[in-house]
Each structure stands twice: as C-alpha cells, then as structure tokens.
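Peer 1: Start from the sequences and build out the full structure, keeping to the hints where you can.
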Amino acid sequence: MQVSKFKDAGHLVRLAIAFAVVFLVFLLIRAHFIPKSFGQYGHYRGDALAELSSKPVSYAGHQACEDCHGNVVSMKTGGKHTGVNCEACHGTLAKHVDNPALVTPQLPDTALLCPSCHEANIAKPKNFPQVMSARHSGGAVCKSCHQPHSPLLQPGGEQS
Amino acid sequence: MITRRKLLMLLPAAALAWEYVLAGTPESAPGYNRNQHWWGMLLDIDKCIGCGSCVRACANENDVPEGYFRTWVERYHVSDWRQEVPQVDSPNGGKNGFPPSEAQGGKNFFVPKMCNHCVDSPCTQVCPVGATFHTPDSVVLVDDTYCLGCRYCIQACPYGCRFLHPIRRTAQKCTLCYHRITRGLTTACCENCPTGARQLADLKNPNDPIHEFLKTHSVQVLKPHLATGAKAFYHDLDGSVR
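Residue numbers (the working numbering), protein chains in the order written: chain G, 1 to 160; chain R, 1 to 242.
Hints may be right or wrong, so weigh each one.
Counterexamples of contact, computed for chain R against chain G with all Cβ distances above 10 Å [said to hold, decoys possible]:
1) P65
2) P91
3) G160
4) N192
5) V241
Straight-line distance between alpha carbons at most 30 Å, and here's what the computed DSS-like set of lysine-lysine pairs gives [as the list claims (entries may be wrong)]:
6) R:K215 with G:K80
7) R:K223 with G:K126
8) R:K223 with R:K107
9) G:K95 with G:K80
10) G:K95 with G:K143
11) R:K223 with G:K7
12) G:K55 with G:K95
13) R:K107 with G:K80
14) G:K143 with G:K126
15) R:K215 with G:K126
16) R:K107 with R:K215
17) G:K80 with G:K143
18) G:K126 with G:K80
19) R:K107 with G:K126
20) G:K55 with G:K36
21) G:K5 with R:K6
22) R:K204 with R:K223
23) R:K107 with G:K55
24) R:K215 with R:K204
By construction, these hints were calculated from the structure, which means they are not laboratory data. Here a beta-carbon is modelled for each residue, glycine too, at the ideal position from N, C-alpha and C.
Peer 2: Encoded structure:
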C-alpha cells in the first residue's frame, strides 16, 4: 500500500476554509458598519462636510440687508458706524430676509445697546470713543441726541 | 477538501463583499470648491473693545449651550513688575461684556479666543474613530454623528477650545461657521464684530487683504512653540498672553 505524502492535507484545507469564512464575515461586517463616504477625503466620513455645510444660517449677512435698505447704507456711509454691520445691533435677521412681511425685527433699546460698546473700560483701546453712560446722559436714551446709524454726522436728534 | 465547485460557490459572496469594501463617492457641496480655499482668521487686539458681540453671535448662530463657548473674550491686566504673570478674567466668556476693571494702571487689553484651526492639530490626531478631522479647505470640524464623546480631543487641544455638549454628549467646537463660509458669507463672529477686530481670511485667495496685512504688520499665533500650525493670527499680541 502506497502512503501519500499529503495524506492528512485535508485538515489543513478545512482550517484554511474556516479562516477564509471568518475573514469573509469580517469583511461583510466591516463593510456594513463603515459609512460609504469614510475615507473619501481622509480618515473621516466625507458626507459630514456636506451635512455641516447644509445647516441653516441665523445671521443673513449685511449684503442681504443692503439689497433692500439702501437708505440706511447711504446714511451710514462716511460716518463712525460705517463698518458696523446691521445685525450687530439688530440681531439675527435671516428669517426676516426669507419673509420680510411676516417677520419684522424689533427696534433695539439704545439705552442698553450703545453702552455695550461705548461704556468706558480701562481695557478698551484708548482711541475708541467711551463714556460713563450714567454721567454722560443722565439717564436719557442715546438716540434722543445721536442718530445711531451715523452718530457724529447728524447730532441733535433722531433723523428718521 | 476545496473543490473547483466549492471555490466557484465562494466567489460570488466574495464579490458581494468587495462591492461594499470599495465604497462609492457621494456628491460634494454645489458651487463651492474645497480645494480652492484655506481658511484662517485675523484677530486684531488693538481693535477689540470686549463688547462680547462675537460670543453672542456665535451662540445664536450655532446653538451653543449656555455656559459653554466656541469663542470667548479674555481681559488681561499686566502689571509693570510681573510681565509674565498676567491677571485674566472672562466673566461668562465675555458674552455680556465686562464690568469696570478693579485693577488700576499697568497694561490692559482684551483677547478674543477661538479654535485656531491648526493645520497639524493635536485634537484630530488623538481621535480614535475619525470623528474630528482637518478638511481640505483647512477647517477643523467634528462629525457629531460619529463622535463617541471620549473627550480625548478636549484634553489634547492646547488652547482649550473644545467642550462636551451637555445634552448630546459629543465634542463641540468652533466650525469657523462652515455652513456660512461655504455659502460665501463670513462667520457670525466676524459679521457682528463692530470694530473689525475679527476678520475671516482665505489664504488661498490671492486678493484677500490678509496677505498684505501679514506682510506689513507684526502678527503672532498662540503657543507657536507647539508647532500646531495655528491659523488664528493675532495682531499686536502681548507676550503675556497664553
């Protein structure tokens, strides 16, 4: 009787098949749990970029305001508040831009708003106009003397 | 014993698995090319008045929970005799402005702080699952749906710019208003800064004024010795600022 050199090779083949099946199952599980866009740009989920970009905005941006409110832009131009964007004082207005008739912004209270920038503080830059509001106005609201859109150009009362 | 028949039976299953391994590529955001931008921010200490507009704007725009900050403002008081030990306060992150200073004399100024969107960011390197990353347009973001909330990144950030959202239990940070800058808008903090102390900068745009500014002014980043590649550029930053 001739003895084969590989008579017990069947054990090894069965082991190899078992390993192959486990590896295949691993690949399937891995493919199931890793998002399809993972690795698109790097070691992260590529779709996250599009998801993060698609969030809604709350501040519409001053360009959107200027499209309709040209009169305010011309009043601000050249004045001390030229560089102050609309929503810095008037708040979030994206909903107003989307639906101007339905959502109307509240007019801010200048007695509270103006001191948030102009109340004197030792840490503010020295060239920035600062007042001690209690002493400066004696309780009167700022816009009774200053036009908020152009506080130096048109002193002496609210213009419009 | 594997036969030709068994092998043939295995092949379709392997092909099926391979299709999942080689995942498809989803479409990118329309009208915005991520490879044409390289975002950073310019923060001008000389112009910051500590009004807290940026902090409020950030909270409004990004639903930042009360008591947590993606950007905040610090007030520094540096005495003449201990330059390297400044007194720093930041009541409620400067969100409601600052009360009058108790300190007299010395040097006093405000420092707005935020994520530096580092090119070699320590926070992204420690994330075990790839939930925080550096984008092709150089913004460091968090994938909220993928974050485990392990807090490694919060510890790794040398600038203290991250926090764990108290309800979602995921890491959160400044996104540089990614939803705004990809639409052609500036960030909420820059939009609302009344003095122009904060300016969004696109370093890949040759017409961006940042290039001229960086050439002609003294500009510093925070903790440059850490070589994080920080892109929050501070103009006239005092040496006492940490």
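Peer 1: Now, for every hint given, state plainly whether the structure supports it.
Peer 2: Each hint tested on the structure:
For R:P65, the requirement that its beta carbon stay farther than 10 Å from each beta carbon of chain G is met, with the minimum near 16 Å. Even its closest Cβ contact with chain G, about 12 Å, leaves R:P91 beyond 10 Å, as expected for a residue assigned away from the interface. Every beta carbon of chain G lies more than 10 Å from that of R:G160, the smallest distance being close to 21 Å; the non-interface claim holds. Not every C-beta of chain G lies more than 10 Å from that of R:N192, the closest at about 4 Å, which undercuts listing it as non-interface.
No Cβ of chain G approaches the Cβ of R:V241 within 10 Å, the least distance being about 13 Å, so the stated non-interface status holds. With a CA separation close to 28 Å, the supplied pair R:K215 and G:K80 stays within the 30 Å bound. For the proposed pair R:K223 and G:K126, the alpha carbon gap of about 27 Å is at most 30 Å, so the pair holds. A C-alpha spacing of about 21 Å is found between R:K223 and R:K107, which places the hinted pair at or below 30 Å, so the restraint holds.
This hinted pair checks out: G:K95 and G:K80 have alpha carbons roughly 28 Å apart, not beyond 30 Å. Distance hint between G:K95 and G:K143 is fulfilled; the C-alpha atoms sit about 26 Å from each other, no more than 30 Å. For the given pair, R:K223 sits about 69 Å from G:K7 by alpha-carbon distance, which is inconsistent with the 30 Å threshold. Simply put, G:K55 and G:K95 have alpha-carbon atoms about 14 Å apart, close enough for the 30 Å limit, and the pair holds.
Distance restraint check for R:K107 and G:K80: the Cα-Cα separation of roughly 27 Å lies within the 30 Å cut-off, and the hinted pair is therefore satisfied. Of the supplied pair hints, the one linking G:K143 and G:K126 holds, its CA atoms being roughly 24 Å apart against a limit of 30 Å. This hinted pair checks out: R:K215 and G:K126 have alpha carbons roughly 26 Å apart, not beyond 30 Å. Of the pairs offered as hints, the one joining R:K107 and R:K215 holds, with about 27 Å between alpha carbons and a cut-off of 30 Å not exceeded.
Using a Cα cut-off of 30 Å, the hinted pair G:K80 and G:K143 holds, with the two alpha carbons roughly 15 Å apart. Taking the CA atoms of G:K126 and G:K80, the gap is about 16 Å. The hint holds against a cut of 30 Å. A distance of roughly 12 Å separates the Cα atoms of R:K107 and G:K126; the hinted pair therefore holds under the 30 Å criterion. Note on G:K55 and G:K36: the hinted pairing holds, with a Cα-Cα distance of about 21 Å set against a maximum of 30 Å.
Using a Cα cut-off of 30 Å, the hinted pair G:K5 and R:K6 holds, with the two alpha carbons roughly 24 Å apart. The suggested pairing of R:K204 with R:K223 holds, with an alpha-carbon distance near 24 Å, which does not exceed 30 Å. This hinted pair does not check out: R:K107 and G:K55 have alpha carbons roughly 41 Å apart, beyond 30 Å. Among the hinted pairs, R:K215 with R:K204 is consistent with the structure: their alpha-carbon atoms are about 15 Å apart, no more than 30 Å.
Against the hints set out earlier in the document, violations occur for numbers 4, 11 and 23.
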